[in-house]
Amino acid sequence: MNAETLARRAFLQDMGLGFGSLALAAMTAEESLSAEKLTQLAPRAKSVIWLFMIGGTSHMESFDPKPALNKYSGKTIDETPYAGVLKSPYLDNERVVAFDPNNGFIRNEIYPLQVGFQKRGESGLEISDWWPHVAESADDLCLVRSMWTEDSNHGAQLQFHTGRHRVDGFFPTVGAWANYGLGSLNDNLPKFVVMGDPVADCCGGQEAHRANYLGPQYDGIPLNIDPNNPLPYATPPKGVSPEEQKSEFELLRQLNGLTAATYPGDEAIRARMRSYELAFRMQTAVPEVVRFVDETEETQRLYGFEDPKAKDFGQKMLTARRLVERGVRFVQVYHGSNGGAGRWDAHKGLKSGHTNLCREVDQPIGGLLKDLKQRGLLDETLVVWGSEFGRTPGSQHSDGRDHHPYGFTVWMAGGGIKGGIAHGKTDEIGFHAVENRHYVTDIHATVLRQLGLDHRSLEIPGRKRLEKDFGHVIQEVIA
Amino acid sequence: MRNSTLSLLTCFLSLVCQAASAQVDYLDEIKPIFTEKCISCHGALKQEGGLRLDTARAIIQGGDSGEIVIAKVPDESELLSRVEAEEDYLRMPPEGEGEALSAEQIAALRKWIQAGMPAPEDEQGQASPESHWAYQPIERPEIPEADSDSLLHPIDRFLAAKRSDVGVEAVAPADAFTLLRRISLDLTGLPPTPEQQHQFQQSFSPEAYESVVNQLLESEHFGERWGRHWMDVWRYSDWDGYKNQLRGSQRHLWHWRDWIIESLNADKGYDQMITEMIAGDELYPEQPDVMRATGFLARNYHVSNRNIWLDSTVEHTAKAFLGLTIACARCHDHKYDPVSQVSYYSMRAIFEPINVRTDRIAGQPDRKQNGIPRIYDKDLKAKTFLFIRGDERQPDESSPITPDVFNSFEIPFDVTSVSLPVTASVPALIETVEQEDMASADLNVQKTREKLEEFEQVEPTLATGDSQKDVPPAPEFPQKLEDDHLEASYAARAADWKRRSLKARYDAEKARIDDESSQAFKTLAKIAARIERRSDAAQARLQTFRAWRKLQEAKDEKARNSLITALDKAREQERQKLNALSKTDAKFTPVGERYPETSTGRRTALAKWITHPDNPLTARVAVNHVWLRHFGTPLVASPSDFGLRAPLPVHAELLDWLASELIESGWSMKHLHRLIVTSDAYQLASTGDQQLLADNESIDPENEYYWRANVRRLEAEIIRDSMLFVSGQLDQSLGGQEIAHGKGEEVFRRSVYFQHAYEKQMLMMTIFDAANPAECYERSTSIIPQQALALSNSSLTQSASKHLANKLHSQSRDRDEFINTVFESVLCRPCSDEEREACRGFLEKQENWLKEQNSEAEDRKDSAEGEDALADPTLRARQSLVHVLLNHNDFVSVR
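Just so you know, the sequences run in chain order A and B.
Read in full-length UniProt numbering, the first sequence has 36 at position 36, and its numbers run on one by one without any break.
Read in full-length UniProt numbering, the second sequence has 854 at position 854, and its numbers run on one by one without any break.
Do not rely on the hints blindly, as some may be mistaken.
What the hints assert, rightly or not - Below, in silico cross-link-like pairs of lysine-lysine (DSS-like), each with a Cα-Cα straight-line distance of 25 Å or less:
1. B:Lys-743 x B:Lys-760
2. B:Lys-802 x A:Lys-246
3. B:Lys-851 x A:Lys-246
4. A:Lys-238 x B:Lys-807
5. B:Lys-451 x A:Lys-238
6. B:Lys-335 x A:Lys-468
7. A:Lys-468 x B:Lys-37
8. B:Lys-368 x B:Lys-498
9. A:Lys-238 x B:Lys-845
10. A:Lys-246 x B:Lys-845
11. A:Lys-464 x B:Lys-31
12. B:Lys-335 x A:Lys-464
13. B:Lys-743 x A:Lys-238
14. A:Lys-464 x B:Lys-37
15. B:Lys-743 x A:Lys-464
16. A:Lys-238 x B:Lys-802
17. A:Lys-71 x A:Lys-46
18. B:Lys-451 x B:Lys-498
Claimed, not checked - Computed footprint of chain B on chain A; a stretch qualifies when at least three of its residues, placed anywhere within it, have a C-beta under 8 Å from a C-beta of chain B:
19. 201-215
20. 278-291
Unchecked claim - Interface residues of chain B toward chain A, partial, derived using beta-carbon atoms under 10 Å:
21. Asn-305
22. Asp-641
23. Pro-647
Hints listed in this document are in silico derivations from the structure and should not be mistaken for laboratory results.
Just so it is clear, the structure is predicted and the values come from calculations on it, not from any experiment.
Using N, Cα and C, we set each Cβ at its ideal position, and we do this for glycine too.
Take these sequences, add in the hints, and give me the full structure.
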């Protein structure tokens with residue numbers, strides 16, 4: 001083994017970079033040979049901000065308004081011209097973990113829209129009045145209105161991130177694959193960061209941001225918006241001064257260096273030494289990200305800091321921007337965790353519930369989009385917004401909607417995605433995705449494509465991935 | 001795994017490069033297409049349409065419907081028209097079996113046909129299951145001749161023969177310190193103390209080493225260390241769930257963990273361990289200790305969906321013991337191994353009747369507090385159906401599947417129903433259970449009587465159950481006293497009847513077991529039923545009275561209303577019980593649960609088949625797991641897949657020899673460990689002469705020939721345990737209930753005893769690549785900054801540093817002596833001159849700096865921050881030094 005390979009191998013073992021990165025590094029080197037035949041693709045985005053609403057946001061009352069619901073309000077689906085939806089073969093896509101006698105039914109009595117909607121921006125995308133701030137960026141949004149998934153219960157939260165039904169077990173998430181495939185742009189910060197209380201254990205738990213068989217080095221790292229305690233173990237114990245720690249690290253480097261010299265073939269020791277250096281830098285870099293002292297009042301206002309209801313998520317959005325600005329590759333942000341199905345799960349009281357929840361996230365997300373744009377970061381940052389499924393056109397408990405896996409919306413913005421378009425369609429009552437249907441992994445494939453990864457090359461020996469795990473790039477939405 | 005990624009990549013790149021040139025290379029360009037897209041249906045396992053596509057020869061030959069390629073005429077070749085077809089019913093691979101070929105792939109095929117299908121003469125086809133190495137019987141190989149007298153150990157002779165074939169040479173043995181630390185950590189998970197190091201160094205010899213090995217194998221920490229390894233493979237998981245709701249595994253599953261540790265310490269045969277885990281309930285129904293073993297199956301319990309439960313049972317039984325990945329056969333015939341979808345469901349049928357229950361433990365009647373979670377055959381008639389395409393909504397009810405194993409290997413799989421002892425079907429009849437329940441009923445009688453006697457010495461003369469009137473208040477006495485008195489008498493009566501009822505029901509239950517059709521049973525059943533009805537009435541009276549009293553004490557209207565409803569309910573209940581007194585039937589409540597009196601015996605048959613000495617997989621898979629954990633790399637690269645995708649390992653003879661040894665020693669794990677660790681190969685240094693290293697690495701960079709020891713990162717548990725051990729803080733007590741995962745930095749027990757379940761794992765463990773409770777056949781070892789943060793900033797390291805520094809500081813004031821001892825305590829080796837020099841410099845610098853801090857602090861003594869720095873600068877600097885060594889690379893590694 002020559003020195004060059006040694007160094008490279010040691011480098012790759014360092015900082016959680018794996019062979020995925022080597023593969024890509026090697027491919028980049030070969031790129032000049034024949035660009036079209038190589039799987040490495042030109043990246044269109046450096047980073048992804050992945051926003052996930054836990055519980056199931058109503059698609060009709062958000063990004064896919066359906067006036068027919070008002071027209072047929074109170075009628076059963078059978079009494080409308082759309083009775084055919086109840087015989088669609090798409091219904092067979094539903095898979096349940098276990099029969100739930102209360103939820104997860106097709107609700108027959110049409111429930112009217114609980115909010116108005118308007119055409120927004122030059123593109124005239126129709127967006128509900130619960131999302132006024134996000135709607136201001138309508139011309140940057142690409143609404144994918146034709147999503148479908150399998151699980152009619154909240155295991156769909158896990159499925160949204162791994163592409164696999166809860167019954168199939170745990171698999172690497174989209175963020176983990178990005179982490180595995182991409183190199184680091186900032187040696188002081190992890191590549192994959194998670195914010196917000198995660199999905200609850202019913203529905204996949206932390207497996208919704210983990211790497212599973214790729215190994216824990218590719219897991220998302222949970223970050224708290226607290227400069228004193230941003231990461232587990234990120235701050236020195238009480239009473240240990242920075243000077244003291246610094247000289248300890250110096251001795252440690254010296255001693256490890258002596259051992260490394262005795263064992264020249266030991267790559268791990270060098271990698272460990274570097275990991276300590278990174279850790280030491282992280283201790284400063286990570287708290288700095290969540291300390292907003294250098295953010296103007298205007299910026300803070302943009303993210304909704306003045307609204308006590310929006311402030312919490314606003315801080316996360318601002319942190320997300322600060323993270324991608326510093327080169328973090330994948331930022332996953334959860335909203336609506338409540339230890340169970342999630343706060344967006346509007347079986348009853350949809351109107352008051354969604355009004356509140358939208359107020360918590362709309363201005364922060366809208367602020368994020370505008371801020372990214374004004375800083376020129378939106379071109380290289382892909383923002384994805386989604387929820388595990390939509391909600392039924394019919395009513396439940398008279399003022400709510402049930403789970404709806406057959407048709408719902410995910411939107412993307414920036415990162416080389418066309419703005420101001422709606423891709424795909426649900427039928428007139430928002431029941432089935434009927435045009436350009438997309439399973440959840442199509443979003444994964446598209447996101448990975450924009451990051452420059454060929455999603456089909458993301459596989460490791462001994463772990464066969466299925467067709468549906470890979471998904472298909474949604475070519476039509478790429479700018 | 002990583003290497004194969006690289007080689008796949010290389011092969012991919014070369015494919016791409018060559019496509020650009022005019023030449024077509026069959027092996028590099030064409031064969032991989034067939035392998036990826038076609039051979040699962042047109043290969044050794046299946047020959048759809050009589051066609052095989054695993055060799056050029058077979059491709060040219062064609063299938064049932066004739067030729068598929070016509071040399072130099074691609075446009076007339078069926079092969080091309082089928083892969084290019086746009087119609088779903090024509091296209092190959094068919095929908096659902098794989099993506100269509102890419103344009104590049106089709107172009108390559110075209111070019112190859114155009115060129116006249118050139119291919120090498122000696123091309124090998126896909127291996128057939130009949131000839132796959134791992135499915136062949138284990139035949140004890142001859143030990144190769146030694147070419148030198150010094151090589152006596154059979155393992156070394158096998159390895160030496162291979163090494164000389166490729167031209168690598170083993171490095172020198174490890175020094176005494178390295179070896180002692182390695183063997184101690186490998187066998188017990190605890191490092192050697194400085195005293196043990198000195199003793200070993202002074203007597204360093206093969207005999208001394210052997211005696212150390214024996215001592216370590218006899219240590220009870222051996223079971224903890226290897227128990228954790230097998231817990232990985234056997235998917236140990238404590239119960240998981242939201243708040244107190246159980247969703248997966250079972251409460252008190254730690255009994256299984258204790259069984260694993262105890263069994264390994266007792267050197268119970270591996271065959272016996274498997275048997276007890278799979279069929280302990282059928283074979284040893286009266287041994288609660290053995291019952292713990294079935295936690296292996298109880299662990300798979302899943303609350304929401306029984307299919308998840310049974311699928312993981314099938315999948316992981318096959319992976320753990322047989323090294324077979326068969327989960328994909330749930331939906332379709334296995335594409336790489338001879339496991340049909342039917343045989344998957346045959347294996348499931350073995351487990352179809354199972355369910356879980358919790359057995360009582362002597363001394364603890366409350367099974368919520370403690371008990372043994374165990375498996376048993378509940379539904380003896382449960383049918384197994386194949387799910388079409390694995391879809392549980394589509395069971396193929398036309399043909400129920402019978403229990404069977406996927407491949408007989410000519411070993412009998414005979415299912416014989418097992419009849420269970422009465423204590424298994426009626427656990428209440430277990431002697432201790434009966435005694436405890438009777439004793440508790442007696443105690444209740446006694447207590448309620450004593451209470452009553454506080455009011456009066458004579459038996460109360462209250463109307464029994466036939467009273468229909470309302471509860472009478474007694475106006476002549478102070479209300480409170482009279483009510484207490486009345487309640488005490490009702491309670492005493494209820495307790496008395498309850499005891500009599502229990503006794504009568506026991507008598508009847510026993511008579512039933514004896515002979516259900518006997519006159520004795522009929523009589524006793526009638527008596528039991530009658531007494532039970534009276535007892536019920538007495539309990540109901542007590543309840544009514546209590547409800548009435550609560551109502552009298554009601555504070556406000558709202559409380560009153562709900563108490564009135566409660567009283568009405570109690571009254572209604574009592575009325576029913578009183579009415580029932582007129583009945584004369586013989587229906588009594590059984591004394592406890594009644595379970596089936598037989599078990600299907602399917603799991604016993606499976607256990608016998610798995611542990612049969614002729615089973616080609618069991619011993620090989622086990623040996624590979626043990627070898628992996630001693631050497632850091634396995635003999636067979638995929639420990640959970642010995643199927644057709646696992647190529648013949650380089651050290652196949654060694655594997656088979658060790659497997660034979662394991663079987664012939666009566667499946668003694670300790671024998672296997674002893675064999676492995678006493679080999680020279682195990683005792684090699686991890687480094688050596690520079691020239692030799694360079695030469696060897698040029699031939700075998702991955703150390704496939706074990707010419708040196710691999711440096712290994714310690715497992716998460718062992719890092720934590722070692723830290724507590726070297727600092728003298730480890731609580732070495734064994735066994736017991738799992739400890740909350742959040743307490744890892746407060747409770748200093750060994751890590752194996754902490755909660756280990758989905759969403760319930762110690763953070764420190766997951767940071768250091770702890771086993772995923774759902775599946776872990778091999779630990780990964782990452783090097784990430786979070787590990788550095790955890791080791792440097794956790795309170796655990798802080799407390800360990802302080803403890804150890806304080807102890808050594810009090811033993812010696814001398815700086816060099818302190819440095820020497822710290823190295824021995826933490827890294828288990830002497831420190832080098834250079835290291836000592838560095839540490840001296842550090843201590844000096846830190847002391848001076850701390851003194852400065854102190855004098856500055858003197859000036860602002862009142863301030864809180866001055867407090868800490870005022871500590872003894874020498875001691876504080878020494879604590880820092882220990883802290884540094886606990887973060888040393890070699891503290892978390894085995895050299």
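Hints versus structure:
1. A C-alpha spacing of about 11 Å is found between B:Lys-743 and B:Lys-760, which places the hinted pair at or below 25 Å, so the restraint holds.
2. Between the alpha carbons of B:Lys-802 and A:Lys-246 the distance comes to roughly 18 Å, so the proposed pair stays at or under 25 Å and holds.
3. Taken as a hint, the B:Lys-851 and A:Lys-246 pair is honoured in the structure, with Cα atoms around 17 Å apart against an allowance of 25 Å.
4. Distance hint between A:Lys-238 and B:Lys-807 is fulfilled; the C-alpha atoms sit about 22 Å from each other, no more than 25 Å.
5. Restraint check for B:Lys-451 and A:Lys-238: the C-alpha separation of about 57 Å exceeds 25 Å, so the hint is violated.
6. Between the alpha carbons of B:Lys-335 and A:Lys-468 the distance comes to roughly 18 Å, so the proposed pair stays at or under 25 Å and holds.
7. Between A:Lys-468 and B:Lys-37 the CA atoms are separated by roughly 16 Å; this keeps the pair inside 25 Å, and the hint holds.
8. At roughly 23 Å between alpha-carbon atoms, B:Lys-368 and B:Lys-498 fall within 25 Å of each other, so this suggested pair holds.
9. For the proposed pair A:Lys-238 and B:Lys-845, the alpha carbon gap of about 22 Å is at most 25 Å, so the pair holds.
10. Restraint check: the Cα-Cα separation between A:Lys-246 and B:Lys-845 comes to about 12 Å, which is no more than 25 Å; the hinted pair holds.
11. A C-alpha spacing of about 19 Å is found between A:Lys-464 and B:Lys-31, which places the hinted pair at or below 25 Å, so the restraint holds.
12. Between B:Lys-335 and A:Lys-464, the direct Cα distance comes to roughly 11 Å. Compliance with the 25 Å bound is thereby established for this hinted pair.
13. As the CA atoms of B:Lys-743 and A:Lys-238 are separated by approximately 19 Å, the hinted pair is consistent with the 25 Å bound.
14. With a C-alpha separation of about 13 Å, the suggested pairing of A:Lys-464 with B:Lys-37 holds against the 25 Å cut-off.
15. Our distance criterion of 25 Å between C-alpha atoms is broken by B:Lys-743 and A:Lys-464, whose separation comes to about 38 Å.
16. Restraint check for A:Lys-238 and B:Lys-802: satisfied, since their Cα atoms lie roughly 14 Å apart, inside the 25 Å limit.
17. Between A:Lys-71 and A:Lys-46 the alpha-carbon distance is near 45 Å, which puts this suggested pair outside the 25 Å criterion.
18. Of the supplied pair hints, the one linking B:Lys-451 and B:Lys-498 holds, its CA atoms being roughly 17 Å apart against a limit of 25 Å.
19. Coverage of the segment 201-215 of chain A by chain B holds [criterion: at least 3 residues with CB-CB distance below 8 Å; count 6].
20. For the segment 278-291 of chain A, the proposed coverage by chain B is satisfied: 5 residues have a C-beta within less than 8 Å of a C-beta in that chain, meeting the threshold of three.
21. The interface hint given for B:Asn-305 holds, since its Cβ lies 5 Å from the closest Cβ of chain A, which is under the 10 Å cut-off.
22. Because the closest C-beta pair between B:Asp-641 and chain A is about 7 Å apart, less than 10 Å, the hint holds.
23. Proximity of B:Pro-647 to chain A is violated relative to the hint, the smallest CB-CB distance being about 12 Å (cut-off 10 Å).
Hints 5, 15, 17 and 23, counting from the list given before, are not met by this structure.
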